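Q: The chain contents come next:
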Amino acid sequence: MNFLIGAFKPPCTVSITLADARNRKQVPLKKDNGQTIMVPLFQSQESIVGEVVIEPTQGKKLEHNGFKIELLGQIELFFDRGNFYDFTSLVRELEVPGELYDRKTYPFEFSTVEMPYESYNGVNVRLRYILKVTISRNIVSNIVEHQDFVVRNYTPPPPINNSIKMEVGIEDCLHIEFEYSKSKYHLKDVIIGKIYFLLVRIKIKNMELEIRRRESTGSGPNTYVETETLAKYELMDGTPVRGESIPIRLFLSPYELTPTYRNINNKFSVKYYLNLVLVDEEDRRYFKQQEITVYRLLETS
Amino acid sequence: MMVAGAEDEEKWLAAGIAGLQQNAFYMHRALDSNNLRDALKYSAQMLSELRTSKLSPHKYYELYMRAFDELRKLEMFFKEETRRGCSVIELYELVQHAGNILPRSYLLCTVGSVYIKSEEAPAKDVLKDLVEMCRGIQHPLRGLFLRSYLSQVSRDKLPDIGSEYEGDADALMDSVEFVLQNFTEMNKLWVRMQHQGSVREKEKREKERNELRDLVGKNLHVLSQLEGVDLDMYRDIVLPRILEQVVNCKDELAQYYLMDCIIQVFPDEYHLQTLETLLDACPQLQPSVDIKTVLSRLMERLSSYAASSPGVLPEFLQVEAFSKLNNSIGKVIEAQVEMSILGAVILYSSLLKFTLHVHPDRLDYADQVLGACVKKLSSKGKIDDSRATKEIVALLSAPLEKYNDIVTTLKLSNYPRVMEYLDSETNKVMATVIIQSVTKNNTNVSSAEKVGALFELIKGLIKDLDGSPHEEVDEDDFIEEQNSVARLIQMLHNDVPEEMFKIISTVWQHIVTGGAKRLSFTVPALVFSSLKLIRQLQSQEENPFGDDTSISPKKIFQLLNQIIEALLTVPAPELALRLYLQCAEAGNDCDLEPVAYEFFTQAYILYEEEISDSKAQVTTLHLIIGTLQRMHVFGVENRDTLTHKATGYSAKLLKKPDQCRAVYACSHLFWVDDQDNLKDGERVLICLKRALRIANAAQQMSNATRGSTGSVTLFVEILNKYLYFFEKGNPQITVAAIQSLIELIKTEMQSDSTTPDPAAEAFFACTLRYIQFQKQKGGAIAEKYERVKA
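From first to last, the protein sequence lines are chains E and Y. The UniProt record's numbering applies: residue 1 is where the first sequence begins, and numbers increase by one. The UniProt record's numbering applies: residue 1 is where the second sequence begins, and numbers increase by one.
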């Protein structure tokens, strides 16, 4: 009986501990099953140092073909579920093949790891980083343990950040000029701007600013584009007249944005747009979409 | 349809209130548990009820007020929250996360108010931000209420001199800027309201819009309450900015209301000092704006300001208030081509009142106003708008009321020219007003020139105006009018006879044109006025007769002759006759025999030629006799002629009793008590006897025609005459004659054929008692009566 139970139990427990686990910032990460767990946060060029503890189940010996720990950066496209593209793969061998009787600790270090892409969990694509410990065995399947972590990369403020200014309109019907103070925003930024009505011949009912996220995956004929509206922010209520200027002030912090990702590993892109929508009294919508760049600001404090 | 609409509205309002209360409840719960996030969420939901477009302003206001109360509580909460350490800047950002703009804006204003109080940022920056962010609400109704909320919460937080948020001069400037901007935006929204919805409901919408005007006006009130807004700032910044908005909005309702608002909320002295700016805006307003009322109110205010403290009058002079107003009114009238004559008149009327109040000593100003008015009126011809005429009457009455003196008014050369534009009916009314003013104030119009002007003014009453059709005039009204003219004539007086004579001549020149109907009212007054002058001359002994340069009674009598002669054309012979007699008596008093004789002759001629009615004959004849009896100026010959004629007329009367009475009256012509040379007892007796004969004849006639002898009254009357002359000592009247007359009466009374006449009997009894009484009295008279048995 005891033997039987032992047969189904994993022959050992594996745990991965980071050296600075106590001090490292933890961020929430949504798992496949919908649960949210807290995971450590890294950025590119950081060293990932820690130890792996392997403890065979009481009174058992563990036969193996060696232990290794891998640091993987993976992209998973949902239309191709189960296939991971590893864009980063680093391996540290921990143990040569043999037998393990007692609990043993293996320190590991990946120093100044290049992690160019941020973790991302989108509609059709996921980019994740994991530490993966593999215990290779003969005959029976390998024992594998994961530790997810999140990577965020910070950028300094862009040196050039032009405003977006544009005049659009429908001839003899509606002419507006709008201006957003910048074209690049960090995640906690505020969009400041103005809409100037040059000509109004239609009865506008209201006007709103939408933040839209456009996620495109795949390439060529297999490109999938998914657009989400993350924010609908009413800018104006009622019918303006010619000469009126309406202020814009939209705080980005309440919305769950990510930085703009351009052609990540030739697999996917995430872009953000500001969509200015005017609705007339017959509920016709007039809109103009402008791309903005979102970046994660390196906090200098 | 309208009813259904109202019902629906009630329903929507009820739903709105319910939604609001429900969210307010959750908000309270969140507030109680200090849950900021929930508080914000529910307050935003609560405020979403204000996003409705279905309610009329009235109902919307109700909803707004409820939300307003709830927001007060939220504000308290925010305050506590900041005290607990929550950064107000964070709060300020947090409320801006709300997705809908209306709730967001309300919340922003609420936190903004706390922000200013916290003094973590300069008040002006917060205010600037708030007023800017409210731009997002372009819906007129919602925008107006939101901005009104902003104005409400910021009111006590404006940086001002002496306020706790006081900053430097710039800060005050920012307050002003803030209010002005809010005002401008509100006004734009308000003006825009009229373009919403269907054309069909325009009227209703304008009414609703009018209900909202105080929301806009309140901003001006706030400005006026700012201590720091002194005259300089008002003149250089506040007023020009407001006016700019007023002029540019090009909306009738708003322009009218705001102009009025400016005039009402800011102090008078500011208006006085900025008169030019304010007035310059007027011609730029829409032509349909009721600018006359606006300007009238302004002038009213300035007038009462001037009246309130005499010390400010120099200021008025200094800023040349009058000429500015005058200019501006001219411009306004020019600019507003559409303006009715009524509007123009009202303007001039106000201006006139203003100048009368402020510059009572400057008649030339008043005259200028009238002149301008004439100019305006001349382009329109006679006025047929009844309200305009009424206003002109008010305009013309103003100087009368102010000066209480027609003489001053007469100096206004344009005054009569204005009157010319009145229709004849109103002209009369105005004339009556003028006369009333004169009579009420006992004004002494004491020169011929002024009298001439005065009569020129009231010529509506004096004569039929040219071209005016003969409308039906109410007889009573006419009499009333002419009586007032007569009264006026009596009022005219000058102590200097020459001038008085000139006055009379002037009046005559005017009234002679009045036509038949008027003369009989006006002539007597003038005649008596002239007679008064004659008496006055008479009493001034020093007046040398026959002096050509001076005025003599003779001259006056000549005029009188003319005047009375005019009555013949009326014709009013009886009246003329009475006046002749009056004149004759006056001639008598002046010892002018030829004059008196002439007037008597005229009277006689009239009697003979014009008076045919027997009753009138009787009356006039008695008047002639009475007057003639008092005459003492005539020589024997003249007197004889006149008395002879009079007795002759008496005998020719139609009815016997009348004859009888006239004849015994004539007896007095021969016996004048105070003139010894006129005591012709014989002829008295002849008269009395003749009277008796006629009485007898009357009796017989009556007997013959009716079978009864009629009354003995005549006999008793003759008896009384006998007794009179008896007492006066006429030797021809003897006791025997009296005795026989008494007997005769007694017999007559007892005669069967006599119809009993209680009055006559009583009369007789009284006469007898009188005789007894005289007997008992003793003295000379008693002795005389001794022998009379009665």
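Read the hints as simulated data drawn from the structure, not as lab findings. Treat the hints with care, since some could be wrong.
Computed spacing ranges between beta-carbons, pair by pair [what the hints assert, rightly or not]: (1) Y:P122 - E:I160: 31 to 39 Å; (2) Y:F25 - E:E114: 52 to 60 Å; (3) E:I160 - Y:F25: 29 to 37 Å; (4) E:Q45 - Y:R155: 56 to 64 Å; (5) Y:Y26 - E:F251: 18 to 26 Å.
What you are looking at is a predicted structure, and each value in this text was computed from that prediction instead of being measured. Even glycine gets a Cβ: it sits at the ideal position worked out from N, Cα and C.
Q: Each hint should be assessed against the structure and marked as holding or not.
A: Verification of the supplied hints:
Taking 31 to 39 Å as the suggested C-beta distance range, the pair P122 (chain Y) and I160 (chain E) conforms, at roughly 33 Å. A beta carbon spacing of about 56 Å between F25 (chain Y) and E114 (chain E) agrees with the range 52 to 60 Å that was offered as a hint. For the hinted restraint 29 to 37 Å between I160 (chain E) and F25 (chain Y), the CB-CB distance of approximately 52 Å leaves it violated. At about 57 Å, the beta-carbon gap between Q45 (chain E) and R155 (chain Y) stays in the expected band of 56 to 64 Å.
Checked against the hint of 18 to 26 Å, the pair Y26 (chain Y) and F251 (chain E) passes, with Cβ atoms roughly 24 Å apart.
Consistency note: the structure conflicts with earlier hint 3 alone.
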